[in-house]
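> One line per chain: the protein sequences are G and S, in this order.
Take 1 as the starting number for the first sequence in this note's numbering and just add one per residue.
Take 275 as the starting number for the second sequence in this note's numbering and just add one per residue.
Incorrect hints may have been included.
What the hints assert, rightly or not - Mimicking DSSO-like on lysine-lysine, the simulated pairs with C-alpha atoms at most 30 angstroms apart in a straight line are: (1) S/Lys677 to S/Lys533; (2) S/Lys797 to S/Lys677; (3) G/Lys127 to S/Lys688; (4) S/Lys409 to G/Lys83.
What the hints assert, rightly or not - Only some residues are given here: those of chain G computed to face chain S with a beta carbon under 10 angstroms: (5) Leu154; (6) Tyr172; (7) Arg173.
Treat the hints as calculated values from the structure; they're not laboratory data.
Cβ atoms here follow ideal geometry from the backbone N, Cα and C, with glycine treated the same way.
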Amino acid sequence: MRRALLLLALIIATAAVGRASWPTHEAADDLRVCADPNNLPFSNAAGEGFENRLAKLIAEELGKKLSYVWQAQRRGFIRNTLKADLCDIVMGVPTGYGPVETTAPYYRSRYVFVSRRDRDIDVASLKDARLREFRIGVHLIGDDGMNTPPAHVLAQEGMVENVVGFTIYGDYREPAPPLRLIKAVEDDAIDIAATWGPFAGYEALHSRVPLRIEAIEETSDFAPLRFSFDISMGVRKGDHALRRRLDQIISDKSAEIRAIVESYGVPVDHARNG
Amino acid sequence: MRKLRSRYAYVAVPLTCVASAFIADVNVATPSLAQQQSRSETLTSLYANAANWPMASRDYANTRFSPLDQIRTENVGQLKLAWSFSVGANRGQEAAPLVVDGTLYVVAPYDGPHPNQVFALDAATGELKWSYAPKPTPAAKGVACCDVVSRGLAYDNGKIFLATLDDYMVALDARTGNELWVTKLGDINLGETITMAPLAVKGKVLAGNSGGEMGVRGWVTAVDQASGKIAWRAYSTGPDSDVLIGADFKPHYDWMKGKDLGVQSWPADRWRIGGGTVWGWLAYDPDLNHLYYGTANPGPWNADQRPGDNLWTSTIFARDVDAGAAKWAYQASPHDLWDHDEINENVLVDLDINGETRKVLIHPGRNGYLYVLDRTSGEVLSADTYDTVTVYSGVDLKTGRIKPVESMTPVLDKTIENVCPAPPGAKDWQPTAWSPRTKLLYVPHQHLCANFRTSEVSYIAGTPFVGATVDMYAGPGGHRGEFMAWDPVKRAKVWSLTEKLPVWSGTLATAGDIVFYGTMDRKFKAVDAKTGHVLWQATGPSGFIGQPVTYLGNDGVQYIAILSGVGGWPGVVANAEVDPRVRNGALGFTGATQDLPLYTVGGSTLLVFSLGPSGATNAPASR
């Protein structure tokens with residue numbers, strides 16, 4: 001009995017604190033999401049990306065109306081959107097991503113090789129000597145001293161002449177600019193691409209030629225570079241209450257979330273050993 | 275054309291009445307705008323009139339020297355604020371005001387309700403004559419890197435030329451602010467933006483693109499002033515036909531001779547996204563008919579991805595201004611490892627070197643070397659360090675090649691410590707001034723070193739997972755900025771003032787033997803040009819990263835003007851809510867300016883000073 005009373009008191013206290021800590025969210029009847037209007041398979045302005053669908057699910061669970069603030073994801077995106085209080089949530093950031101408070105992960109994917117199935121290229125390791133004979137496409141980021149992990153490894157292995165860089169920002173007038181890398185594989189402009197799994201898996205669903213996707217393996221020698229990442233939603237730092245509610249939804253709806261992500265062809269990592 | 279024009283609308287605030295009594299007092303022979311146009315006055319003769327400041331650097335030689343001398347070492351202490359004006363956007367204020375025939379023109383950053391708004395003000399009274407606001411595409415803001423600055427406008431033949439951050443060149447009637455034409459030069463969808471001040475030359479107006487962080491390909495473009503049509507475009511990378519390299523091209527050094535080096539010095543196709551943007555200063559020598567400018571660093575930063583010299587990035591070009599044909603080139607930092615682009619200004623002066631008068635170009639390099647080049651040939655006459663340099667061991671004057679220190683080469687996941695100069699270089703865009711009286715170059719610059727790591731874990735999903743591993747800090751001595759006087763003949767520093775923060779403002783030299791500069795911690799200073807003694811200082815509303823200018827108002831009074839408003843690369847921590855605790859934010863600059871919010875927040879105010887208290891402007895003008 002004493003235990004039950006304590007529990008009740010705790011529940012009341014928690015509810016009260018919850019209400020006090022984010023009155024604006026309680027008052028507002030919409031969930032504001034900042035997203036890129038041209039970044040399939042993640043999001044687009046027509047709401048066709050899997051992150052759009054997940055945001056819709058989240059909004060429904062919160063009992064709120066979904067609204068968007070669209071902005072191209074370039075440097076300053078978080079600063080100019082979430083931190084500027086234009087929205088409450090951004091989808092699809094790496095777990096632990098510094099500028100935001102991240103939820104529990106809701107999927108994990110990895111870098112993969114993509115090639116045309118008719119080429120019968122079964123390369124799965126960046127150490128595979130056959131790579132030297134191929135024209136390999138990678139995403140190049142540009143500044144920040146950063147590039148995709150495969151791009152770094154290929155450079156370390158002395159493979160540069162046969163590596164073709166596709167800027168991740170691409171030509172933003174075209175739909176889903178980063179997908180141009182995989183379209184180059186379809187067009188035989190390059191033999192193989194090393195890219196982030198969701199790009200490859202999604203494009204493989206829509207490609208006019210069958211594509212082969214191989215998870216990049218044997219990556220431990222390239223540490224600290226990592227080839228698989230947990231993905232979370234991000235809220236403003238300090239917005240613990242919203243983050244906790246999102247964590248709960250991610251936990252409650254994990255099967256549904258996974259089904260949505262996988263329906264976009266995203267190669268989902270089940271193992272947790274990066 | 276019509277379609278493009280409809281994207282813009284001007285907000286013209288007509289000058290309802292000019293204080294005519296005021297103008298009657300004018301005792302300076304400045305012809306009206308109409309008179310100038312009827313004589314088809316050239317920019318050269320416009321700046322021959324000391325009253326004017328008709329281009330960002332005042333003259334084609336980039337000297338930023340004014341022959342005005344009402345304000346001198348003995349009376350500069352009496353400088354007082356005459357008037358001020360808000361441009362309405364609290365971001366980095368890097369623009370130089372222009373002054374032509376008593377009217378001051380100034381442009382705001384790409385922020386606030388009217389991005390890149392242009393204002394025309396009476397230069398003596400501060401009265402607003404008109405303003406013009408472009409109507410940019412809303413998506414533009416998400417594309418631009420860094421701070422959304424503008425470095426100024428251009429003027430020629432009764433027109434004001436505005437280059438917008440979202441890549442349009444706009445011509446305005448200088449008298450009314452009416453839009454005359456709008457030409458699209460680049461595409462934000464490709465990561466291109468424009469931040470530089472255009473330069474007007476021989477019936478054309480020129481500007482280049484910014485956005486080296488976005489995998490763009492650099493260019494400079496000449497637009498016909500009358501029609502708004504693109505006259506020529508010279509790319510920085512790619513085949514000779516795109517770089518406008520032809521029979522006239524005669525670089526001084528053999529390693530820059532050869533066919534299509536803008537392709538051959540890159541891995542396959544990498545030149546297409548290789549950077550080499552043009553966002554700094556253009557200079558022009560009317561006698562040689564040469565245009566001079568420097569190109570930015572190669573992209574991507576990860577140099578492992580681009581073995582080779584990566585021509586023509588970090589390169590100084592001389593071009594024929596009529597058709598853009600390259601005359602010579604000099605690459606300061608082949609295969610740049612450190613973001614040491616070379617968009618810094620080229621100051622065109624004649625110097626006595628070893629008993630011989632040489633036409634030279636002084637280039638205070640981002641890489642820490644102060645270059646003196648023969649501007650007819652591109653030969654390096656001298657290259658001396660003017661700040662702490664640990665990543666190069668010198669410049670070989672026989673080959674012209676800089677000598678990298680091999681042990682400092684970046685290796686994946688290895689922290690290279692004590693990289694000096696840090697990525698912003700010993701000096702960035704902030705322009706120097708040259709005084710023909712003292713024969714000294716006045717150099718505002720930073721004094722920073724960095725720990726540099728080429729990579730860490732990287733998740734990329736078309737998203738900015740910025741985890742830059744650059745950590746900048748004060749160089750030896752503990753200060754982060756310096757303002758110095760340099761003698762390019764003696765190849766030595768004459769005097770210097772240290773500042774706790776990077777000196778990110780431009781400077782100005784006058785015939786009163788005074789030089790002016792501003793600091794990020796809100797001081798605007800007047801210094802004795804010969805001795806380096808601080809003669810006067812004022813505290814502004816926000817930190818200074820602008821370009822000081824001086825001119826005569828229609829009242830015959832000498833004014834000093836500068837925009838106050840901290841920002842730019844080192845200042846985002848104060849105006850853009852970057853967490854100052856994260857040392858490697860803003861590409862590592864946050865670490866170097868963590869304490870900036872203790873001194874200032876952002877601002878937007880044009881400050882105009884004159885001698886007081888008896889200055890004419892302190893009395894209200896009767897209307």
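> Identify every previously stated hint that the structure contradicts and give their numbers, smallest first.
2
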